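Engineer: Sequence:
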Amino acid sequence: MLSKQEKLEIFQSTFAGLKKIATTNKERLAENYRRLPLA
1 MLSKQEKLEI
11 FQSTFAGLKK
21 IATTNKERLA
31 ENYRRLPLA
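For the sequence shown, full-length UniProt numbering assigns the number 1 to the initial residue and increments by one for each residue that follows.
Possibly wrong hints are sitting among the right ones.
Under the rule of at most 30 Å between Cα atoms (straight-line distance), these lysine-lysine pairs were calculated in the DSSO-like manner [stated by the list, open to error]:
| id | residue 1 | residue 2 |
| --- | --- | --- |
| 1 | Lys19 | Lys4 |
| 2 | Lys26 | Lys7 |
| 3 | Lys19 | Lys7 |
Hint data in this document are derived by calculation from the structure and do not stem from the laboratory. Note that the coordinates shown come from a computational prediction; the quantities given were computed from them, not determined experimentally.
Make the full structure from the sequences, and use the hints.
Structural biologist: Following this line, the structure appears as structure tokens:
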């Protein structure tokens with residue numbers, strides 16, 4: 001059984017990882033959007 005502190009640390013590190021992925025995806029989308037020829 002995990003302590004509250006351990007659960008909190010796991011949650012925070014997971015959340016940080018997800019946030020990083022989301023930021024990367026947003027940047028990738030923005031990059032793709034810039035590459036589109038504007039019709």
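Engineer: For every hint, state whether the structure bears it out.
Structural biologist: Quick rundown of the hints versus the structure:
1. Lys19 with Lys4: Roughly 22 Å between the alpha carbons, so the hint for Lys19 and Lys4 holds.
2. Lys26 with Lys7: holds (28 Å)
3. Lys19 with Lys7: Status holds; Cα separation ~18 Å.
Figure legend: structure checked against the earlier numbered hints; every hint is met.
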